[in-house]
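K.L.:
Construct the complete structure from the given sequences, taking the supplied hints into account.
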Amino acid sequence: MPRLSRDAAWAKLCEWTGSEALRRHARAVELVMRAAAPRYGGGGADVERWGIAGMLHDADYEKWPELHPRRIVEWLQEQGEAEVAHAISAHYTKWGVPYESGLDKALLACDELTGFVGACCLVRPGGILSLEPKSVVKKLKDPTFAAKVERHEVNEGARLLGVELGAHIQFVIEALRPHALELGLQGR
1 MPRLSRDAAW AKLCEWTGSE ALRRHARAVE LVMRAAAPRY GGGGADVERW
51 GIAGMLHDAD YEKWPELHPR RIVEWLQEQG EAEVAHAISA HYTKWGVPYE
101 SGLDKALLAC DELTGFVGAC CLVRPGGILS LEPKSVVKKL KDPTFAAKVE
151 RHEVNEGARL LGVELGAHIQ FVIEALRPHA LELGLQGR
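Take 1 as the starting number for the sequence shown in my numbering and just add one per residue.
None of the hints are false.
Here are the simulated lysine-lysine pairs, DSS-like style, with alpha carbons at most 25 Å apart:
| no. | residue 1 | residue 2 |
| --- | --- | --- |
| 1 | Lys63 | Lys148 |
| 2 | Lys12 | Lys63 |
| 3 | Lys148 | Lys94 |
| 4 | Lys141 | Lys94 |
| 5 | Lys148 | Lys138 |
| 6 | Lys134 | Lys148 |
| 7 | Lys63 | Lys94 |
If you anchor each label on the Cβ, the simulated ranges turn out as follows:
| no. | residue 1 | residue 2 | range |
| --- | --- | --- | --- |
| 8 | Leu122 | His152 | 21 to 29 Å |
| 9 | Arg39 | Glu100 | 15 to 23 Å |
| 10 | Arg188 | Glu100 | 37 to 45 Å |
These aren't lab readings, by the way, just hints derived from the structure by calculation.
Heads up, the beta-carbon is just placed ideally off N, CA and C, and yes, glycines get one too.
P.N.:
Right, dumping it as structure tokens:
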């Protein structure tokens with residue numbers, strides 16, 4: 001069966017997600033996952049698959065929040081994308097799906113942290129261009145800042161990847177920095 005292309009994945013995301021903010025988050029996680037593939041997936045990691053997992057991880061959330069992520073997982077399975085479907089299932093920690101691959105672990109590690117880093121950029125004049133890991137760590141300790149971000153998932157993701165949290169934060173910042181303008185992370 002032919003593999004799902006990035007263009008087809010983006011079309012599905014846009015079909016199911018009208019919110020510009022959710023699309024921007026999907027794009028940000030896609031970019032971080034593309035950067036994560038060679039680092040955490042070994043030499044043979046499929047950068048395109050990792051990017052598609054990042055892009056589509058919340059694709060059904062806006063349209064069917066009560067079914068998230070069931071709809072996107074089913075659709076991916078129909079497309080022959082079992083590996084991506086499994087990673088998205090595992091990233092939804094309420095299902096308790098085991099992390100079996102680097103892709104599974106990286107999606108958990110990158111999703112919440114990418115959103116949190118984006119929130120940190122919105123309150124800094126220099127945005128991501130001046131953001132340092134220590135500032136992100138400090139904000140993580142404030143439960144009222146970006147309160148919906150699951151801090152335990154941020155910490156668990158770094159643990160699963162076998163990296164120190166500060167180093168993982170630096171990795172996410174560096175993956176997003178070249179795309180600051182596209183993602184609206186350039187600061188106030």
